[in-house]
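Undergrad: Between the sequences and the hints, there should be enough to build the whole structure, so can you do that?
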Amino acid sequence: MTATAEPTPAETPVDERELLVDARGVKVHFPIKRGVILDKVIGHVYAVDGVDLQIRKGETYGLVGESGCGKSTLGKAILNLEPPTEGSVLVDGTDVASLKGAALRRRRKDFQMVFQDPMSSLDPRQSVESLLVEGMKAHGLATDAKATAKRLRELLAAVGLPAAALKKYPHEFSGGQRQRIGIARALAVEPKLIVADEPVSALDVSVQAQVINLLEELQDEFDLTYLVVAHDLAVVRHISDRIGVMYLGGLVEEASADDLYAQPLHPYTRALLSAVPLPDPAAEDAREQILLVGDLPSPSRPPSGCRFHTRCPWRQETRCDDERPQLRVVEVDGVPASHRVACHFAEEIARGEIQRHEVTATATVQDWRGEDEGDAIGPASVAEAEADARRTSSASSQVTPPGP
Amino acid sequence: MTATATTPSTNRHGDEPLLSVRDLRVTFTRQGEEPFTAVDGVSFDVRPGQTVGLVGESGCGKSVTSLAIMGLLPRRGNRVEGTATFDGTDLLRLGSSEMRDRRGRDIAMIFQDPLSSLNPVVPVGLQVTEVLERHRKMSRKAATPLARDLLKRVGIPDPDRRLKDYPHQMSGGMRQRALIAMALACAPRLLIADEPTTALDVTIQAQILSLLKELVQETGTALVMITHDLGVVAGLCDEVNVLYGGRIVERGGRHELFGQPRHPYTNGLLASIPRLDAERAPLTPIPGSVSDNLPWTSACAFAPRCSQPVDVCTQRTPQLEESGSRALRCFNPVGGPR
Ligand SMILES: Nc1ncnc2c1ncn2[C@@H]1O[C@H](COP(=O)(O)OP(=O)(O)OP(=O)(O)O)[C@@H](O)[C@H]1O
Ligand SMILES: Nc1ncnc2c1ncn2[C@@H]1O[C@H](COP(=O)(O)OP(=O)(O)O)[C@@H](O)[C@H]1O
Ligand code: SF4
Ligand code: SF4
Ligand SMILES: [Mg+2]
Ligand SMILES: [Mg+2]
Numbered sequence: 001m002t003a004t005a006e007p008t009p010a011e012t013p014v015d016e017r018e019l020l021v022d023a024r025g026v027k028v029h030f031p032i033k034r035g036v037i038l039d040k041v042i043g044h045v046y047a048v049d050g051v052d053l054q055i056r057k058g059e060t061y062g063l064v065g066e067s068g069c070g071k072s073t074l075g076k077a078i079l080n081l082e083p084p085t086e087g088s089v090l091v092d093g094t095d096v097a098s099l100k101g102a103a104l105r106r107r108r109k110d111f112q113m114v115f116q117d118p119m120s121s122l123d124p125r126q127s128v129e130s131l132l133v134e135g136m137k138a139h140g141l142a143t144d145a146k147a148t149a150k151r152l153r154e155l156l157a158a159v160g161l162p163a164a165a166l167k168k169y170p171h172e173f174s175g176g177q178r179q180r181i182g183i184a185r186a187l188a189v190e191p192k193l194i195v196a197d198e199p200v201s202a203l204d205v206s207v208q209a210q211v212i213n214l215l216e217e218l219q220d221e222f223d224l225t226y227l228v229v230a231h232d233l234a235v236v237r238h239i240s241d242r243i244g245v246m247y248l249g250g251l252v253e254e255a256s257a258d259d260l261y262a263q264p265l266h267p268y269t270r271a272l273l274s275a276v277p278l279p280d281p282a283a284e285d286a287r288e289q290i291l292l293v294g295d296l297p298s299p300s301r302p303p304s305g306c307r308f309h310t311r312c313p314w315r316q317e318t319r320c321d322d323e324r325p326q327l328r329v330v331e332v333d334g335v336p337a338s339h340r341v342a343c344h345f346a347e348e349i350a351r352g353e354i355q356r357h358e359v360t361a362t363a364t365v366q367d368w369r370g371e372d373e374g375d376a377i378g379p380a381s382v383a384e385a386e387a388d389a390r391r392t393s394s395a396s397s398q399v400t401p402p403g404p
Numbered sequence: 001m002t003a004t005a006t007t008p009s010t011n012r013h014g015d016e017p018l019l020s021v022r023d024l025r026v027t028f029t030r031q032g033e034e035p036f037t038a039v040d041g042v043s044f045d046v047r048p049g050q051t052v053g054l055v056g057e058s059g060c061g062k063s064v065t066s067l068a069i070m071g072l073l074p075r076r077g078n079r080v081e082g083t084a085t086f087d088g089t090d091l092l093r094l095g096s097s098e099m100r101d102r103r104g105r106d107i108a109m110i111f112q113d114p115l116s117s118l119n120p121v122v123p124v125g126l127q128v129t130e131v132l133e134r135h136r137k138m139s140r141k142a143a144t145p146l147a148r149d150l151l152k153r154v155g156i157p158d159p160d161r162r163l164k165d166y167p168h169q170m171s172g173g174m175r176q177r178a179l180i181a182m183a184l185a186c187a188p189r190l191l192i193a194d195e196p197t198t199a200l201d202v203t204i205q206a207q208i209l210s211l212l213k214e215l216v217q218e219t220g221t222a223l224v225m226i227t228h229d230l231g232v233v234a235g236l237c238d239e240v241n242v243l244y245g246g247r248i249v250e251r252g253g254r255h256e257l258f259g260q261p262r263h264p265y266t267n268g269l270l271a272s273i274p275r276l277d278a279e280r281a282p283l284t285p286i287p288g289s290v291s292d293n294l295p296w297t298s299a300c301a302f303a304p305r306c307s308q309p310v311d312v313c314t315q316r317t318p319q320l321e322e323s324g325s326r327a328l329r330c331f332n333p334v335g336g337p338r
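Chain order of the listed sequences is A and B. For the first sequence, the tail end lands on 404 under my numbering, and the numbers increase by one without skipping. For the second sequence, the tail end lands on 338 under my numbering, and the numbers increase by one without skipping.
Hints listed in this document are in silico derivations from the structure and should not be mistaken for laboratory results.
Below 20 Å or equal to it, Euclidean Cα-Cα: the simulated SDA-like pairs (lysine to any residue) are:
no., chain 1, residue 1, chain 2, residue 2
1, B, 141, B, 186
2, B, 213, A, 282
3, B, 152, A, 358
4, B, 164, A, 381
Given the structure is predicted, the values throughout are model-derived calculations rather than measurements.
TA: This is how it looks when you write it as structure tokens:
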């Protein structure tokens, strides 16, 4: 996770023994239920839909993609906090899903999660001391009072909080300090893997950098492996050794952080990178943007074929609409085998043989309804709409806007 | 810094400000609590066709500034001082019905969370039509096709169908477009946008920003852009005001400000963000947090976090000093005194 040059993944082929996480064909599908007692399954959200992901010991793997593309769900599936509908996840050689009871508890301490909003993930009624000791106790790490006290001091020092913080409560801290407490809590049980879900996105810019630097220092000090989930591409690039780009439940591109930003090959990655505003007016004026039109399709109705085809400016008549591209090594000069892309036409696009074209925008309707009732007649006036809503709400005692 | 791009549209539109905010001060007075000054003597001008940015981290007073100008602060529990002159009228002295009228006609605002400014039980098309009927005195028959055109104009696909959608049926990006359509429906001369893209994905943010840019260019609407994102500011704003602890600490054209930040806070912000457009380099955070601030009344509020404070910083209040198009509030600026 350092910014210095390391051997590229291409030079260090994935060695099975070096893998901490080995996920294969992971799917997580959430049923969409309707009906009075929610017993009728009317569809599924394909939150994660067939992902292979390997993370090596000691590296930082970054997952990026737009809201709802399945980043958090994949992170949770790897920790078995959200059991996969299909596929297998080996963490340090063990299939977590197969563990039960004491064995599961023992392994659980090896994998910790750090969340976006430190306030909602910390119990406001517990002092920092009790928050930290809780996890240690659960894993049998707080037996000797003297050793525990020493450990607590070390933990606070490691995350840059004063010893006086132990007696305080979460609301007495700033956002950045609360995130430090969340990190200290994860560290308390001496984990091997930390899944950090948007660890800095709730923080102010000035404080973000403190927490990013802290995560980097702790990794070196404690030999940690990170899976960092974030939507901020600059943060992910800074922090990661390797990066996976997700779109609608699948990985569309994977490469070392430097390769990915130097030469993005998937049309979605290109669009994503070109959309990030740069804090440099000259660069902003010169920037060539690939503006995507329309919305991200709903993950409950993913497009056929390549999931990006509804928004892809390079979409072709053949294959794109009906054949789902797999992550593959591409044959482009200077692109290493570790850089994989799920696009049928990655080579042609990279060589400039296929040109960008206009795309017609589509909007995504947010709820579950048929496609053909667009002509339903709406209320005639604001007053009528509001009266309708009042009637509906007094009938069901719940404000549900009158949908189709 | 040699600016290559065209300079602020100021030149195009003459020098008369459309909105002139002077010494704006907002103090929250809660019973049983110390009065708290959220905005502490803020002054800036906005000219027709110009985009002015207010940038700073959470709690620095960006939203309260805009809400005070729009007359949208809670009626009780606060004191608003200073002036906000729009076209010769001080908005802060207007009665609530006069202000409501202004808001429909001359000034519009869009917020971070479009859902909170849309009526959840009324189809979006009808909400746009309503604005046209009320503020442009149009008939329903004339307003409906115009509403449709506005939705199309802001990039809502299939506007005929979308007219009948309720806000909850639209994605965040589409809702923000609908809100922009409503703002446009009154053809405002001034648009205030408070973090309009913060809740959106970066690809959708790019669409909305390019839409706002186009609107400013085509209609000459003045835009006040409130954001914490320095990237958004760099691409969009002619002039940038950096706020810290309720006060403007630095102001400049975007090329000057980013090319040569003079305030240690501005400089620190730029050093603490990871860059996509450069080699990976270690980040230099600003230490501490806003909870370490000193009171402006007797010091520089930023002093406890500053990388280069001098003795006087904790003894006196630095004043905002203007020189040409720039302004700076600092005893020991980056790059030394000029
Ligand atoms: N428990 C659940 N039940 C039903 N649907 C869910 C559940 N959890 C997530 N989803 C859906 O699965 C999809 C992926 O969600 P996920 O939280 O993984 O996205 P994400 O990439 O982390 O997005 P964000 O950037 O907004 O955090 C979304 O459509 C979400 O609404
Ligand atoms: N209605 C209110 N009552 C009391 N304090 C408020 C109120 N609204 C905002 N504040 C305080 O004013 C300060 C500035 O807030 P705001 O303008 O919303 O910040 P931002 O720059 O993030 O938009 C903050 O400390 C905030 O807590
Ligand atoms: S497979 Fe086709 S639609 Fe998908 S990204 Fe490649 S070119 Fe675009
Ligand atoms: S006035 Fe002093 S403390 Fe404040 S920013 Fe300038 S140098 Fe730093
Ligand atoms: Mg998430
Ligand atoms: Mg705000």
